[in-house]
Amino acid sequence: MRVKLCALLATAATLGLATPPATAEGPDILKVAIVQQIDSMNPFLAVFQSSTEIGRLMYDYLTAYAADDQRVTEGLANRWEPSADKLTWTFTVPKGKAWSDGEPITAQDVAFTYNLMLTNEVARTANGSFVTNFSSVTATDNQTVVIKTKAPQVTMLALDIPIVPKHVWEKVGDIKDYANDQMPVVGSGPFVLTEHVPGQFIKLRVNNTYWRGAAKIDELHFVYFQNSDAAVQALGKGEVHLVNRMTPAQFDSLRDKADVARNKAQGRRFTELLINPGAQTNAGEPIGDGNPALKDVRVRRAIAQAIDLDALLQRVSLGYAEKGAGLVPPVFGKWHWQPSPSEERKFDPAAANAALDAAGFPRKADGTRFSLRLTGRAGRAYDEQASEFLKRQLGDIGIPLDVRLVSDNQLNEVTTAATYDLAFSGWATNIDPDFVLGLHTCAQRPGADGKGGTTDAYFCDKTYDELYARQLSEFDEGKRVEIVKQMQARFYDQVPSVVLAYDNALEAYRSDRFARFTTQPAQGGVIMAQNGMWGYYGAEPVVRATSATSWVGWGVLLVGFMAVVLTVMVRTNRRQATAEERE
Amino acid sequence: MRLAGRLGGAALSLVMVAVLGFFLFRVVPGDPVVSMTRGRPTTAAMQAELRAQFGLDRPLHEQFFSYVSSLLHGDLGTSFTFRRPVAEVIGERLGPTVLLVGTATLIAVGLGLWLGVRAAWRRDSAFDRATTGVSLTLWAVPTFWLGMLLMMVTGDLFPSRGMRDTDTAPDFVSQALDVAHHLVLPSITLVAVVCAEYVLIMRSSLLEEMHAPYLVTARAKGLRDDLVRRRHAVPNAVLPAITLVFLRFGLVVAGAITTETVFSWPGLGLLFYDALTGPDYFLLQGLLLVTAGAVVVMNLLADLLHGVLDPRVKAV
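So the protein lines, in turn, are chains R and U.
Sequential numbering from 1 applies to the first sequence in my numbering.
Sequential numbering from 1001 applies to the second sequence in my numbering.
For the record, the hints were derived by calculation from the structure and aren't laboratory data.
Note that the structure is predicted; figures quoted are calculated from it, not measured.
Glycine included, each C-beta is placed from N, C-alpha and C at the ideal position.
Anything over 10 Å on all C-beta distances counts as not near chain U; from chain R, calculated:
#, residue
1, Thr144
2, Val168
3, Glu272
4, Leu309
5, Tyr320
6, Lys323
7, Asp348
Here are some, though not all, of the chain U residues that point toward chain R, as calculated from beta-carbon distances under 8 Å:
#, residue
8, Pro1029
9, Ser1035
10, Arg1038
11, Ala1044
12, Glu1049
13, Gln1053
14, Met1151
15, Ser1160
Computed far set for chain R versus chain U, every beta-carbon distance over 12 Å:
#, residue
16, Asp69
17, Glu81
18, Lys95
19, Val146
20, Asn208
21, Thr209
22, Gly213
23, Gly278
24, Asp296
25, Ala304
26, Ser340
27, Glu384
28, Asp402
29, Lys462
30, Lys479
31, Arg490
Just chain R, with the same shape it has in the complex:
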């Protein structure tokens, strides 16, 4: 027994104390927690936000958005010129930019990427919508690429398509089966992918040939967490250096944490309350089972007027959001619309009650007018708390709510099939507002089979659609901004949904390891989930400290724990045996 004990203790001691030597100096590594899986590292297939964010670090786009004010700036191309009829765009890819393997980046790479998407439907999986209006793409020489479009397209400088190296990708047989895992992966961005262990982590190293100059850190590691609580704990322990997508409660828990700095940024997301306006397919056939009362815009306005957005902001978002209004969040500055005092629907339950009476929905004997279903996502704190809040507020105007909190998939199914009265939803928006505006056009409703739609608000309004078409072909930015604001005003007035809040992006980082990050925009901007790579590219380490793991602490604990357990077991055995023997 003693021999066994010694052997076990020796094993434990080896496990605990045979530690890798800690080095005094190590590479500067930024470890980032991500809470979403990586679907693919193939930029033509990757659709998850986490994957596309890493893709931005590996591949530059034709143009980029500046860090300070999000204006369009140099990407792979440094000049661009539309023709007089706006149907032909000429981009110049300057000499001197190189892929990470040293090969020059040319217009041929750009033409190859776009043509691959035009000719191969699998290559259109992730970003196909950007090229649907292209009629041809040609590299007239190594520095010039000419794109012809079927109709004028105002978003030609917002093509979020990673440009891939022709000399690598022309050898790829089937895009569908290509995982893009030939390490190191040849790219044009500030970092080079060197290792991907699915479900665990992704490692990138600095690209020393990057045309803007090499980043200040040596390596960038993305570490996968299944739950954000664990990610926040890991930040506190220093296992990771940067975390985002925190809940207000998690963010508050780090308020006085030593060596942790917090960043409360204006986010790209808004949260909305959908009000089923009488959903129809794109052929005008009714779909779903929304309460018919909601077809009346006066009812929808009354519901919106009965919700105290300021109180909702304080009680549910704990102040980490801005009051909702138009479809474009304030972070996008010029595109954001706020109602004027005369347009604003102020919180006024009395006026809402009167409006419902006037609309022909008087209170019944029990004090109610009609009831509505409110569908939200179970497990999302906002939906759980806001649904209780709305239950009280709409109860005050005689509309009792039947709250149904369901899984994410079920919520998607309910909103896609329009089998809701009220439902929580939300979107992340881009710098160019075309995507979020386009979601609410009549064309985005599903076909007769209920499939093919991308909207969940089922808004279809002739005025809005006309404005959408106008802004899409308006190349004078000042005029386009005005049209975009008119669209948001129209949406606000017709209330297919109430934009409840613009959520803050809550981030935190280890201030003992990193002095600063570049935010986008400069004032109140985010570090992660940018429209670009500036946050990671601009990370400045504090000290070049060791990052080797210290094993001693846990080794000693483990040895101690095992020794105690084994001693107890042995002593118990011996006591019993000898006691019985003595008897």
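Add chain U to chain R, keeping to what the hints say.
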């Protein structure tokens, strides 16, 4: 003949699982294409292209025959989410799951049976009451909560996630130590939660044996109490526990969804969780087949081993 019957039963179970898996996951709410394209600029044509790529535009019976045909050729299909063959995705998650759940099960079985034997032998003692009470309490504690609590209580001693650090030296010893380091908290969580099963079953089983006449005979022969327990009582009492152990080993492959989720352990449990959010039909089907297959095989082994360990079963 008996063996052939058992093998036939196991094969039939697997066929049933394969068929059931196909239809079961089609009932899961959600549209994979909508989930994939949510939040991205997408046109109806792009959605239709994706449906065609995955074969989701074909009638259900055609999809089923295509699935069966692929299965017979050893092809589990391609994951919608990861865009890779399902067998490959499952294969890379199998190792971590077997390591975590296998280690935890071995420790839980050893510790549970040992505690159960001692608790029964010293029935109503303080040790018995403490063991039973603590085991039951841990069993009742939510796994998620226990995991988070352990993470907080142990502070910086153990990592919060995954199975290895990104910056550990690449040599084998460093990597192995790193994995062991990461294994500690999830293993303790799993052991704490499942150990009670073994404690209780071993305890009750041994209590039944304790007044059996053959133990009186053994004592009358002059054997000391320790030997009576080890050589006579425990071998007879351990049989019900064996069945439980094999059942549990069958579930080793299924992973431990909650523990893997808390500690972001890259195993099959976590993969199941991710697959459900698609829903990723082919991946779910593959996972069900592999995990149910493991249970069927382990049950078969338990059946056969029971016959070897207990001659009374063999005689039936």
